[in-house]
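Residue numbers (our numbering), protein chains in the order written: chain A, 91 to 402; chain B, 91 to 402; chain C, 91 to 402; chain D, 91 to 402.
Hint data in this document are derived by calculation from the structure and do not stem from the laboratory. A couple of the hints might just be wrong.
Derived pair list, reagent style DSS-like, types lysine-lysine, alpha-carbon separation capped at 27 Å [unchecked claim]:
no., chain 1, residue 1, chain 2, residue 2
1, B, 107, B, 390
2, A, 279, C, 107
3, B, 217, B, 279
4, A, 279, A, 221
5, B, 279, D, 107
6, A, 217, A, 279
4 protein chains.
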Amino acid sequence: MKRLKTAIDAVVEEIAKTDARGTPSQAVPALAGADTGQFGIAVHTCEGETVSGAAADTPFTIQSISKVFSLTLALEAHGDDVWTRVGREPSGDPFNSIVDLERHEGIPRNPFINAGALVVIDMLLGKNAGKASHDSVRAFLEARIGADAIGIDDDVANEEQSSGFVNRALANLAKSFDNLDNEVETVMKAYVEQCALTLSCEGLARAGAYLMSDRADQHSDSVAEARRARRINALMLTCGQYDGSGEFAYRVGLPAKSGVGGGILAIVPNEAAIAVWSPGLDDNGNSLLGTRALELLAEKMDWSVFGSIERR
Amino acid sequence: MKRLKTAIDAVVEEIAKTDARGTPSQAVPALAGADTGQFGIAVHTCEGETVSGAAADTPFTIQSISKVFSLTLALEAHGDDVWTRVGREPSGDPFNSIVDLERHEGIPRNPFINAGALVVIDMLLGKNAGKASHDSVRAFLEARIGADAIGIDDDVANEEQSSGFVNRALANLAKSFDNLDNEVETVMKAYVEQCALTLSCEGLARAGAYLMSDRADQHSDSVAEARRARRINALMLTCGQYDGSGEFAYRVGLPAKSGVGGGILAIVPNEAAIAVWSPGLDDNGNSLLGTRALELLAEKMDWSVFGSIERR
Amino acid sequence: MKRLKTAIDAVVEEIAKTDARGTPSQAVPALAGADTGQFGIAVHTCEGETVSGAAADTPFTIQSISKVFSLTLALEAHGDDVWTRVGREPSGDPFNSIVDLERHEGIPRNPFINAGALVVIDMLLGKNAGKASHDSVRAFLEARIGADAIGIDDDVANEEQSSGFVNRALANLAKSFDNLDNEVETVMKAYVEQCALTLSCEGLARAGAYLMSDRADQHSDSVAEARRARRINALMLTCGQYDGSGEFAYRVGLPAKSGVGGGILAIVPNEAAIAVWSPGLDDNGNSLLGTRALELLAEKMDWSVFGSIERR
Amino acid sequence: MKRLKTAIDAVVEEIAKTDARGTPSQAVPALAGADTGQFGIAVHTCEGETVSGAAADTPFTIQSISKVFSLTLALEAHGDDVWTRVGREPSGDPFNSIVDLERHEGIPRNPFINAGALVVIDMLLGKNAGKASHDSVRAFLEARIGADAIGIDDDVANEEQSSGFVNRALANLAKSFDNLDNEVETVMKAYVEQCALTLSCEGLARAGAYLMSDRADQHSDSVAEARRARRINALMLTCGQYDGSGEFAYRVGLPAKSGVGGGILAIVPNEAAIAVWSPGLDDNGNSLLGTRALELLAEKMDWSVFGSIERR
């Protein structure tokens, strides 16, 4: 624990000295003016402790990180049938590309690009919603970390409702291929609501703890859940950072999912769940300092799914 | 060790009962008539032992698995400069697609699609070859497992020399973008030679042992090499099975590289290197039974980079 | 005139004997069951006469042929500014492809693919509608051939309103690139209404007469209008039959625009406007028998914009 | 004739005053430094006279204009069988794009993009060469305008031989799909040789006269040839200016084929063949001033396949 605290402090210090801070998302007006000086980090360990640094309790919109939670619910409700409606391959295209969706006849390449997330959410709505433990990402998160730890950014929610034209294009195209059961606007509403949820780094790290697939974790007491978590980690590693997933795997070596609000949730299987946040993004739409912080922390802790360096 | 032997025996038994066996590569005439009943498996552990099953000592052409070894040499010689000439992202297209190469102006998406492998090999030839420890994949492999364990399939070598039109198209296109220093035919020759090398499963598992990034391994005594291995694992996981990499990560959960000859090299970081072989391929060009065998073995051994299920 | 009548009679006879009749559009349910035995033809000459054959007075929905008329109005209202919002190049993709729209950042390739038609209609609506002579395709057509010659197919109109998901996808994507001033649903409504207009071959030939760019034509008394007609003909020739435009130009040699209802309007510059109709479509979505009839008529009349064969 | 001479003189004068002159092809080193002040124009009429202006007797490499002549020979030798190996549709992509070739499984979109021209030339070589009247473009041209009017630019020929990597990529890809009978280098050699032929505007206008499909023309005394000419015109109109074909049809309204050397051959069916030349190119690789000159001349002569404006 002491080693972790020391490592986090060193990361915070190094990040504070970094000049390049990226650019906030210009696609979401409520985020466009965000202060790129902001940074937070929190680690929830398999021992159940949370160690944090900098602005770890400042809430931010989780945006696409919510796709991990809706996928979890869809897998719980529909099992591997999920994969009849959405693929499991990296897309090689930006997060909002419509090309792949047309080329693959309405089957999004994976559940983390926008088209895939819309189809996943569609599986959780209406009469085909199945039997997930919770009926929304918000309810799922409340069960894990308590309602008090969760907010909603109304500015983001309202704005996206009216301006999400690309997402409406994707949803309509999926529907034209019969891959959307509910009305476009119904799906859009649920999508925007889960994207606009706000958590702090501390909340997010705790919320993502079930993905450690550690059966000691109180929320993960079944083999089925651990197995599911492992598979979600696989998807996060191959597809979680959009068109920067390969580079992220190379540099950081951990499964992770980013959001356009500047947050990233990363998992050290069997060991820890990490949340970082800084609103400035890189060219692929992932938090620039968040990625850098994860790289530094993973280095200092010798964390990588691709092998330990330290002699054991 | 006993658990591993029991697991391998069970896998061999289950594979023997499997009816669907895939189709040998029709692109390589010398492979087209291969007996899809053939299967071999070998595991080299971090303790330095090799446990094997079925036709583990039958040699087969390693084909694209050789791309892992040439990449290792290029990273040794050129370090991260490799990434100025080839990307690190999954392609979302088949292994021999020329689309991406044009779209990204001569920079192949990753070192494991054919275009990327040609550029990597180009980095090992001629006056810009750098300072790799060996001047060819064959020499690299001989240093690891001895010349006796390595052969070459002349039929494959000669055939591909004359018929590799797609690869010549890729090489010429890369050259048109100034991303090939040597003559197209020089690069083609080296490419074909390393693809036509033959190893058995036992030889391949030993040859790939350095990718465990385990410093106890006799061939991997430096931190630098362990660090490099870790990064190669990341590339194998995100890009190693062509357009089936995402599904492979989901089902098997290990970094791996397949070859059109039916072999697959998979790595359990810090624990083991696995080689499987069966010539029947699936739609993405990966060994059907080889993939299935890896899935079974990983399940039985609780091996996955995305987390252990067994309570520790 | 006698030669024309003889030619039309011969075409009608030959078409009646043709076995291959294509398939009605399955995308529009109200058309899906259409009798592919139906066929009509009418030619309006520069002398002002109309010669027709078979079911020349049966009304059918003009569908995409309406795009010619809305483009005419947009050019009248906005002149060459139209081309700041839509291109003039053949697309090399099907009529409803969304790929090009994304690749060209919201600028449709031409005004005859669906995305282009939606943008053109947008230019005729709202406060930026400009100063076209008529405020809708219907009004434009009424001024030319009288209200009695024009109907609307309510089944088609209502159906498409609710099921045009691809078009909504295109409109939303255009809007995401700021290339749609009006609400998506407002544009969709106008689009569907003009597509559902019904004309007979006789009506359509007279309605298209202004495209002969013949100043003797009563509707075409200005040089400006003749010049505009000439340019619309150019677009019809290069882009009028979707991804079959090249082959149509090769076989028929006349500017033309097809509709999914089975109609085609073709122009013999300075000589005649031709309308044909038969509901069975070919693979590119153009009327199979309509195209064949035009090929036969053009052959018999020695009509081609690419040169006369007969010694003059 | 007097009207034509007056029109040409006016065009020459206007072009001389034009400031924007485009950029010579940088892809062909021997052309890269060309003086963009150069301009020539010649018109060969159906009466058999040639009227010219400016540098109408300066030779230049015809480059891709040669594709019209090789296509003529292939159609003569193989008839419509040509279209089993190459398409007739505009490509919507640049002239040297390899994407379409892969997407359409080795069938180039049309005979005027590079891939298509290579396949057409392949049809004229070797044991499947068929029965064309001449065995090379050079022989075909010599029969029309005499050997004295034709040269070859050795710099261009030698240079392209060694540097045509994109074309080699295209040829290899076509061969991988079994759409090239001869060796890649054999086809490349013939391709480069016909591209490096030099003609003056006067020579080119006379050489292209057969495309007027005028049976009075001495070289075009058969209906079959006139019919073929008409179809080549159709291809020139839809595909002759690469990805600028639609705009060219809109602005100029004549079938035409451009070459990267700055020449353009345009046809006024039944009336005239026009050659213009100026080495500065626009963004699509077509002569900037050449296109402008054709637009001016067509305007002054009321020439357009899409209709005459002048009251007849």
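Against the structure, the hints come out as follows:
1. Under the criterion of a C-alpha separation no larger than 27 Å, the hint pairing residue 107 of chain B with residue 390 of chain B is consistent with the structure, at around 17 Å.
2. In summary, the hint linking residue 279 of chain A to residue 107 of chain C is not supported, as the alpha carbons are separated by about 56 Å, beyond the 27 Å threshold.
3. Simply put, residue 217 of chain B and residue 279 of chain B have alpha-carbon atoms about 17 Å apart, close enough for the 27 Å limit, and the pair holds.
4. Our distance criterion of 27 Å between C-alpha atoms is met by residue 279 of chain A and residue 221 of chain A, whose separation comes to about 21 Å.
5. Among the hinted pairs, residue 279 of chain B with residue 107 of chain D is inconsistent with the structure: their alpha-carbon atoms are about 56 Å apart, more than 27 Å.
6. Distance restraint check for residue 217 of chain A and residue 279 of chain A: the Cα-Cα separation of roughly 17 Å lies within the 27 Å cut-off, and the hinted pair is therefore satisfied.
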